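Going down the list, the protein sequences come from chains B and P. Quick note, the first sequence lines up with residues 49 to 635 if you use our numbering. Quick note, the second sequence lines up with residues 2 to 327 if you use our numbering.
Hint data in this document are derived by calculation from the structure and do not stem from the laboratory. Quantities reported herein were computed from a predicted structural model and do not represent experimental measurements. From the three backbone atoms N, C-alpha and C, an ideal C-beta is built for every residue, glycine too. Be aware that one or more of the hints could be misleading.
Claimed, not checked - Cut-off 30 Å, straight-line C-alpha distance, at most; resulting in silico cross-link-like pairs (DSS-like, lysine-lysine):
id	chain 1	residue 1	chain 2	residue 2
1	B	K566	B	K456
2	P	K61	B	K513
3	B	K347	B	K500
4	B	K272	P	K94
5	B	K296	P	K81
6	B	K452	B	K412
7	P	K61	B	K272
8	P	K81	B	K513
9	B	K513	B	K578
10	B	K296	P	K61
11	P	K61	P	K81
12	B	K452	B	K151
13	B	K453	B	K435
14	B	K272	P	K81
15	B	K293	P	K81
16	B	K347	B	K414
17	B	K565	B	K347
18	P	K61	B	K293
What the hints assert, rightly or not - Stretch by stretch, here's where chain B covers chain P in the computed footprint (C-beta under 8 Å, at least three residues):
id	stretch
19	45-52
20	79-86
21	89-100
22	150-157
23	268-278
Stated by the list, open to error - Distance windows between CB atoms, simulated:
id	chain 1	residue 1	chain 2	residue 2	range
24	B	Q382	P	A143	56 to 64 Å
25	P	E54	B	R298	50 to 58 Å
26	P	L77	B	G403	56 to 64 Å
27	P	D56	B	E461	30 to 38 Å
28	P	Y179	B	G403	42 to 50 Å
29	P	F161	B	Q266	47 to 55 Å
30	P	D56	B	Q159	55 to 63 Å
31	B	V194	P	W148	58 to 66 Å
32	B	N545	P	V18	44 to 52 Å
33	P	M2	B	R298	55 to 63 Å
34	B	G237	P	K61	57 to 65 Å
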Amino acid sequence: MSENSFWDKFTQARVTRRRALQMAAVGGASAGAIAVVGCSSGGGDKNKTPAAGKSTASEGTPRPGGTFHYTIPLVTGKDPHPASLFIPHAFGSLSYSRLMRFKTTVGELAQKDRYTAVFELAAKMENPDPLTYIFTLRSDAKFHDVPPTNGRAVVAQDIVNSYQRYASISPNKGNFTEIVDSVTASTDGTQVTFKLKSPFSLFLNRVASYQDLWIIPQELVDAKQTEEKTVGSGPFIFESFEAGKGGKWRRNPSYFEKDAAGAALPYLEGFELILIPDPNQVLSQFAAGQLDSIFVDPKLVASLKSQSPNAVIDAAPRNILNFLYFEPATFTSQKPPFNDERVRQGFSRAIDREGLLNLASPDKGKWPNMPISPGFSEYWWLDPQGKEIGDAGKHYQYDVAEAKKLFKAAGVETINVPMHFSSNVYTIAVPYYETLRQALPAMLKQAGVTVKDVPEEYFSVYGPKTFAGQFDGFALGLESVFSDLGAYWTNMFYPRNAGGGRNHSSVNDTTLNERIKKMLALQDVEALRKEGFELQKYLSEKMYYVPVINPVEYTARQPKLKGVVNTQGPTTYALGTEGILTNWFEA
Amino acid sequence: MRQYIVKRLALAALTLVGVSIIVFFMVRIIPGGVVDQILGENQGTPEDRARIERDLGLDKPNYEQYFTWIGGVVTLDFGKSLRGGAPVSHRLKNALPTTLELSLLGLCISLLIALPVGTLAAVRQDSIWDYVCRSISIGFLAVPSFWLGTMIIVYASVWFTKATPLPTAYQQIWENPYENLKFLLFPFGYFVPVGPAVLLGVSLSGTVMRLTRAQMLEVLRQDYVRTAWAKGLTERRVIMGHAVKNALIPVVTVIGLQVPILVGGSVVVETIFNVPGIGRWFFEAISTRDYTAVQAIALLTAVAVVASNLLVDISYAYLDPRIRYS
Numbered sequence: 049m050s051e052n053s054f055w056d057k058f059t060q061a062r063v064t065r066r067r068a069l070q071m072a073a074v075g076g077a078s079a080g081a082i083a084v085v086g087c088s089s090g091g092g093d094k095n096k097t098p099a100a101g102k103s104t105a106s107e108g109t110p111r112p113g114g115t116f117h118y119t120i121p122l123v124t125g126k127d128p129h130p131a132s133l134f135i136p137h138a139f140g141s142l143s144y145s146r147l148m149r150f151k152t153t154v155g156e157l158a159q160k161d162r163y164t165a166v167f168e169l170a171a172k173m174e175n176p177d178p179l180t181y182i183f184t185l186r187s188d189a190k191f192h193d194v195p196p197t198n199g200r201a202v203v204a205q206d207i208v209n210s211y212q213r214y215a216s217i218s219p220n221k222g223n224f225t226e227i228v229d230s231v232t233a234s235t236d237g238t239q240v241t242f243k244l245k246s247p248f249s250l251f252l253n254r255v256a257s258y259q260d261l262w263i264i265p266q267e268l269v270d271a272k273q274t275e276e277k278t279v280g281s282g283p284f285i286f287e288s289f290e291a292g293k294g295g296k297w298r299r300n301p302s303y304f305e306k307d308a309a310g311a312a313l314p315y316l317e318g319f320e321l322i323l324i325p326d327p328n329q330v331l332s333q334f335a336a337g338q339l340d341s342i343f344v345d346p347k348l349v350a351s352l353k354s355q356s357p358n359a360v361i362d363a364a365p366r367n368i369l370n371f372l373y374f375e376p377a378t379f380t381s382q383k384p385p386f387n388d389e390r391v392r393q394g395f396s397r398a399i400d401r402e403g404l405l406n407l408a409s410p411d412k413g414k415w416p417n418m419p420i421s422p423g424f425s426e427y428w429w430l431d432p433q434g435k436e437i438g439d440a441g442k443h444y445q446y447d448v449a450e451a452k453k454l455f456k457a458a459g460v461e462t463i464n465v466p467m468h469f470s471s472n473v474y475t476i477a478v479p480y481y482e483t484l485r486q487a488l489p490a491m492l493k494q495a496g497v498t499v500k501d502v503p504e505e506y507f508s509v510y511g512p513k514t515f516a517g518q519f520d521g522f523a524l525g526l527e528s529v530f531s532d533l534g535a536y537w538t539n540m541f542y543p544r545n546a547g548g549g550r551n552h553s554s555v556n557d558t559t560l561n562e563r564i565k566k567m568l569a570l571q572d573v574e575a576l577r578k579e580g581f582e583l584q585k586y587l588s589e590k591m592y593y594v595p596v597i598n599p600v601e602y603t604a605r606q607p608k609l610k611g612v613v614n615t616q617g618p619t620t621y622a623l624g625t626e627g628i629l630t631n632w633f634e635a
Numbered sequence: 002m003r004q005y006i007v008k009r010l011a012l013a014a015l016t017l018v019g020v021s022i023i024v025f026f027m028v029r030i031i032p033g034g035v036v037d038q039i040l041g042e043n044q045g046t047p048e049d050r051a052r053i054e055r056d057l058g059l060d061k062p063n064y065e066q067y068f069t070w071i072g073g074v075v076t077l078d079f080g081k082s083l084r085g086g087a088p089v090s091h092r093l094k095n096a097l098p099t100t101l102e103l104s105l106l107g108l109c110i111s112l113l114i115a116l117p118v119g120t121l122a123a124v125r126q127d128s129i130w131d132y133v134c135r136s137i138s139i140g141f142l143a144v145p146s147f148w149l150g151t152m153i154i155v156y157a158s159v160w161f162t163k164a165t166p167l168p169t170a171y172q173q174i175w176e177n178p179y180e181n182l183k184f185l186l187f188p189f190g191y192f193v194p195v196g197p198a199v200l201l202g203v204s205l206s207g208t209v210m211r212l213t214r215a216q217m218l219e220v221l222r223q224d225y226v227r228t229a230w231a232k233g234l235t236e237r238r239v240i241m242g243h244a245v246k247n248a249l250i251p252v253v254t255v256i257g258l259q260v261p262i263l264v265g266g267s268v269v270v271e272t273i274f275n276v277p278g279i280g281r282w283f284f285e286a287i288s289t290r291d292y293t294a295v296q297a298i299a300l301l302t303a304v305a306v307v308a309s310n311l312l313v314d315i316s317y318a319y320l321d322p323r324i325r326y327s
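One chain only, chain B, in its complex shape:
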């Protein structure tokens, strides 16, 4: 117990008459009465109503200090390498670094700059040929000055060790092992070289990914402490974690990144993660000023605005792709009815996307293409309602009569099919998922499609079976938050045993796959974009997956919180560097 514990203060305090009476009241509680003990709860900053005003472009000079309070419902692990869920990656991002990370800017980030890789541990990169990437490490990058690393420098061998560990235990390892041939360290420890199997123009995005290659010191791995604590080279030093309550981090005084004026980052003195499973509690804590930033269910935005009128609310579509996908037998054995692309197109025509956006979010949103949504980046997304898509855009226009015509032309005027969907997990991760799965059957019914609901528990059925391609009929799905185009294209269209880990429908279009491979080898950004648009037009005709909607989602933050980056997206798991690195509190 500390020197200033309750017991020390208790024994040292004089008992005044008032205090004695209070204590007597406690001891002699009468039947039916509850003894009164307390005085008012603590005051201070936590009870202050948030100040007025929205964030402006010029926020003043950043003030060091303050602790950022954040919440998630639970922590499933602290080691990001073996993790597929986002939580360990977000947890690890506070203390671990990557070779590259993604660009951020205070305020809104330009669409073209979304998911642009910038240096983190690497200070320089040379690309002598399309297969070779040589990263020179920063000379000032050090691990945290705590055991077991004790402040030593980050060296090239650390990158190699981390890669080897990642490649052996990560469920996401295909993102690297399918494209990387070897990783080697220079003898002087300053450079690490990646050799690729074939040209891949988005390799730097892959390196910067926030769900893959985190650099974890070998000492921590050897001591088997990767689930106990996070010791890395990131902006915050892990202090403590208590299951059921949360964790604390403090600022890393030796962190290598500086702001434009040369001042040390991060500005924040600490970070506190609080585990709150109940969403009403989250809103209540935010209203009381005890949390600094939260995600807000679109249905609760109005309620939040009434409880916290001075909160700053950022609204933007999230990088989450939702879509219908069809049973694999459609493409593996040409099983009707979905083997006919007219049926798939009919499904798309039967969906009233504007109506769904009205239901899903007060600020509506946009229509995704496949596999790119505007939440990922409008620069890479071919707008189904825009001019560039041309004739292929008609496949997204709501037209029940046209849907019926398409079904009739395909020889199936009425369709009876099961719709598989996740009855949990997705309903929490994506607030409008439940809205979609309730509204879609009614929409499809108008076009002659009778849907039988098949709710499936995520971990036991939906994830291992339906999402893995073992189902009949069709399903309503979500896709992971990938941070590079290539991940969407390869994962969702390549064969499962060749990088297509998310090819839910077992799409088998060899022409498409060849075009994807060629596209991803293009070194010119404009050429890559142009070919990406052509492929999106192609997929709009084929409708291997039927994209649904990309609604606006919301985060709320306290008005005293400044230096907030990428206010309109894109989504990131890297809370430490692409979230709060430049945050500071106004006085």
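Starting from the known structure of chain B, arrange chain P on it as the hints suggest.
Quick look at chain P alone, frame taken from chain B:
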């Protein structure tokens, strides 16, 4: 009596062994195991799956896993969490006392409300007091605790711009009894008793209140009570000295049966009020398929239920001299 206690303890041990077997195997037949969860949407290769099973000790036959686990339980080693690898006993040593304290406080509060109110309703049968008390008991029975808890949190944040303390603010009673009791009883201060222990107590008091009233009415009609009135004893002496003690015997039974309800109710209350107890942990553990945590919590809950029922049975002998165990 001693013989009776020994027999009951032996039966209790057998019961607990049975519970441990049921719990152990039941969590493993839930579809979507821990390996599926860890691999997530990627599912991984068969080698990934085998490696994870090996690391977690799940590659061994189930009976071997059971005996390894139960052998540890005997020495109070409940194994390691399958999500993170931390020893289960580490979290138990804080979470278990938290829930025990919450449950005990909830039970005390329910009795503090239910016994006087039930007695008053019976003594003043068919008066305005009776109607008020019965309405209160129906109200407490009808209103779900999860709704009431949510209303407390929402309205406190709207009316008082206050929130319940964060779970990081919770301190054990031996660390700081003042903050501990404030967290559980008066989280918003201002002498407003709307804490998780109060909510739990209120939700339990309805049943006890109604049972107390019914038992009191029956006892008050007994000949010995009529004799006591006839002898000219004061109302206080008749009620407190004669009637209440006899009316309490069935009530004690119900109190014993409240223990599993307390533990179950604590899941909801702990989640709503951010109390870091085993109720909330149990729900998390089931969701994340943390078998060792589920097994430990279920087994300890069974111990609590068996122990409380034994205590209730033993207390009969003291409450009612006519009852003798052999």
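Hints versus structure:
| no. | hint | result |
| --- | --- | --- |
| 1 | K566(B) to K456(B) | violated (37 Å) |
| 2 | K61(P) to K513(B) | holds (25 Å) |
| 3 | K347(B) to K500(B) | holds (27 Å) |
| 4 | K272(B) to K94(P) | holds (23 Å) |
| 5 | K296(B) to K81(P) | holds (23 Å) |
| 6 | K452(B) to K412(B) | holds (27 Å) |
| 7 | K61(P) to K272(B) | holds (22 Å) |
| 8 | K81(P) to K513(B) | holds (29 Å) |
| 9 | K513(B) to K578(B) | violated (36 Å) |
| 10 | K296(B) to K61(P) | violated (37 Å) |
| 11 | K61(P) to K81(P) | holds (16 Å) |
| 12 | K452(B) to K151(B) | violated (46 Å) |
| 13 | K453(B) to K435(B) | holds (25 Å) |
| 14 | K272(B) to K81(P) | holds (14 Å) |
| 15 | K293(B) to K81(P) | holds (19 Å) |
| 16 | K347(B) to K414(B) | holds (18 Å) |
| 17 | K565(B) to K347(B) | violated (41 Å) |
| 18 | K61(P) to K293(B) | violated (33 Å) |
| 19 | 45-52 | holds (count 3) |
| 20 | 79-86 | holds (count 3) |
| 21 | 89-100 | holds (count 4) |
| 22 | 150-157 | holds (count 4) |
| 23 | 268-278 | holds (count 6) |
| 24 | Q382(B) to A143(P): 56 to 64 Å | holds (58 Å) |
| 25 | E54(P) to R298(B): 50 to 58 Å | violated (37 Å) |
| 26 | L77(P) to G403(B): 56 to 64 Å | holds (59 Å) |
| 27 | D56(P) to E461(B): 30 to 38 Å | violated (54 Å) |
| 28 | Y179(P) to G403(B): 42 to 50 Å | violated (56 Å) |
| 29 | F161(P) to Q266(B): 47 to 55 Å | holds (52 Å) |
| 30 | D56(P) to Q159(B): 55 to 63 Å | violated (43 Å) |
| 31 | V194(B) to W148(P): 58 to 66 Å | violated (46 Å) |
| 32 | N545(B) to V18(P): 44 to 52 Å | holds (47 Å) |
| 33 | M2(P) to R298(B): 55 to 63 Å | holds (59 Å) |
| 34 | G237(B) to K61(P): 57 to 65 Å | violated (42 Å) |
When held up to the earlier numbered hints, the structure conflicts with 1, 9, 10, 12, 17, 18, 25, 27, 28, 30, 31, 34 and fits the remainder.
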